[in-house]
Amino acid sequence: MDITIKLFAYFRDGRFKEAASRFFDEGATPQEVITSLGIKMNDVGVIMVNHRHADPAYCLQQDDVLSIFPKIGGG
Amino acid sequence: MADKIYRVNMTDLSTSTEDVPADWMGHGGRGLTSTIVAAEVEPTCHPLGKNNKLVIAPGLLSGTTAANSGRISFGAKSPLTGTIKESNAGGTAAQMLAKLGCKAIIIEGMPEGDSWYNLHFTADGITINEETELIGKGNFAVVDAVAARLGDKHGIISIGQAGEMKMLAANLSIKDPDSHLRSGGRGGLGAVMGSKHIKFIAIDPTDAKVEIADKDAFLAANRVFTKALVDHPISQGLGQYGTNVLVNIINEAGGLPTRNFTSGQFDGHEEISGETMYDMIVEREGKPKHNCHKGCVIQCSQIYNDINKEYKTSGFEYESIWAMGADCCVDNLDQIAEADQLMDDIGIDTIETSVAFGVAMEGGVLEFGDGAGICRILKEDVAAGSPLGRIIGCGAGSVGRAFGVTRVPVVKNQAIPAYDPRAIKGIGITYATSTQGADHTMGYTIATNILGVGGSLDPLSKEGQVELSRNLQIATAAIDSTGMCLFIAFAALDDATCLPALIDMLNARFGIGLTADDVTNLGMSILKTEHEFNLAAGFTNKDDRLPEFFSEEPIAPLNVVWDISGEEIDTFWDF
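Residue numbers (the working numbering), protein chains in the order written: chain G, 1 to 75; chain V, 1 to 575.
Don't take every hint at face value.
To be verified - Listed below are the simulated DSS-like cross-link pairs for lysine-lysine, each with C-alpha atoms no more than 27 Å apart in a straight line: (1) V/K294 with V/K309; (2) V/K215 with V/K289; (3) V/K209 with V/K4; (4) V/K309 with G/K17; (5) V/K137 with V/K50; (6) V/K289 with G/K6; (7) G/K40 with V/K309; (8) V/K153 with V/K289; (9) G/K40 with V/K227; (10) G/K17 with V/K287; (11) G/K17 with V/K289; (12) V/K153 with V/K4.
Hints are computed from structural coordinates only; laboratory data are not their basis. Here the structure is a predicted model, which is why all the values come from computation and not from measurement.
With the rest of the complex left out, here is chain G:
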């Protein structure tokens, strides 16, 4: 299935800045995608799927938009 991946802040460094479409097997999870990108789960702050917060073990679906953020804040 095709998943659109968006990376933010320093997760872009050495990877990609624009949203990227990647193929994963059915049943893939955000955690598997994150690991495949060489990002440590401990460094992940927020995962969103289609603009909603999601669990690392969420079962991704065809055409999902997966957004991955490090631990960031402001205000």
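Chain G is fixed; fit chain V onto it per the hints.
Chain V in isolation, oriented as in the chain G frame:
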């Protein structure tokens, strides 16, 4: 030497000092300004009349070596909201006033006639001096003139043209260590200083030190506290990207108010994001990191240069960039930086004024996306005080009334900042119930709703939002009393060593024995003092509501509305 209360009477142009009353001794920062305003200001008074008072207070830890303790609080009845108001900011003034033994300055009365004045705070007290040269000038001219008169080490609190003209969005500007400005932005307190005909306050530099009851305990606690701040990953991200790192995550969550709050996402988000800004700053040889006061270990400020690598602005914050960017549909960071610098010079709140521009765009005054038009109106109308400039300078509500726009994002007449309450419901509770009108900093539920700090709570669920906002508003009232920057809260929420170390520093500073419960009770009592002032001023629970369009107009991409009832909101005050 014990700290003193410094009183300035602008009616008879006299000054005096007083011992600190026992009831005020345990207060600092916001707790002290709100206590004094509640005790001495008639809640029904006209906020720009002689019966309002402007109270200035460093925090309980200001002037010490405690990391991130350089915030200064300003309090009064707000001319924008009609509520009690506390606005705090960084810069050098808090640390200098604390070292000079100032618990608070209370400015009261109002001079007759047209003369303007400056105040000079020295080790011997305050002098009131007539001011002629700088009237009608912007804040940067004040900074330059004070440097020429007194030297560049002085602390400065000043107003620009907006404050002189008593525009309701006028702010107070505070000089930072590099002679740039920080802003006590919200609620129009610059207009209160302007109503008293004070252009600026200069504060003498000093080598004096604040007294610490137990120096060893203080040093040990500060070491633990500083480590908690430095080690927290959010502190590190703030140093690299500044607060503007939020553009992309709030946009992704569908909560970035766009085109005067008609969408939750902005097509130009990448162009104005923290990631893009960082790349531009590095390319133009600016500084991604910059501290607004000595001792800050987070350094969320920055030096933003223009395309010619010349200084343009600093303290370039997410909420300002959101307001001029997404809310006005301007996707050009250089135009936003130009407007930011202009507003700093004019001395007007970047959030209130930019949201006012968004309403003006809906009202047909200028087109959405017209960044150059914003800059032109700021220079030709707001700074000059034309009728249009005064309407915009009095905020979003003022523009809505003048141009017949009904989609006006305000609570208690103060503009709603950078997080849409339909998509992030906890912050809607904060906007509705805050004692000071819509203000994200009063109870920053974004931490838990969006960022996963202090746990996580679904931003789209109604459940638990009142309790989350209440707990954060109580904690914030206490933090705002210490002189600490609110960004210590990320570490305080996640690192079990942080808050105890902060309390240890308070105890070591004053030789007392506060517990965590005492700090919580302090926060509760401050909120209740502020709430009682507002009730006495004529506010009711019906004022604790969001504008009706939030309940009626779903926003993309999540197509959600505000759906927390008035009865549920009112349970906020059940403590």
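Consistency of the hints with the structure:
For the given pair, V/K294 sits about 25 Å from V/K309 by alpha-carbon distance, which is consistent with the 27 Å threshold. As the CA atoms of V/K215 and V/K289 are separated by approximately 30 Å, the hinted pair breaks the 27 Å bound. Restraint check: the Cα-Cα separation between V/K209 and V/K4 comes to about 15 Å, which is no more than 27 Å; the hinted pair holds. Of the supplied pair hints, the one linking V/K309 and G/K17 holds, its CA atoms being roughly 25 Å apart against a limit of 27 Å.
For the suggested pair V/K137 and V/K50, the alpha carbons sit about 24 Å apart, so the restraint of at most 27 Å is met. Taken as a hint, the V/K289 and G/K6 pair is honoured in the structure, with Cα atoms around 26 Å apart against an allowance of 27 Å. For the hint pairing G/K40 with V/K309, the CA-to-CA distance comes to about 36 Å; that exceeds 27 Å, so the pair is violated. The straight-line distance between the Cα atoms of V/K153 and V/K289 is roughly 22 Å, inside the 27 Å bound, and the hint therefore holds.
Only pairs whose Cα atoms come within 27 Å are accepted, and G/K40 paired with V/K227 is accepted, the gap being roughly 23 Å. Taken as a hint, the G/K17 and V/K287 pair is honoured in the structure, with Cα atoms around 22 Å apart against an allowance of 27 Å. For the hint linking G/K17 to V/K289, the alpha-carbon distance of about 22 Å falls within 27 Å, and the restraint holds. With a C-alpha separation of about 23 Å, the suggested pair V/K153 and V/K4 falls inside the 27 Å cut-off, and the hint holds.
Of the hints listed earlier, those the structure fails to meet are numbers 2, 7, in rising order.
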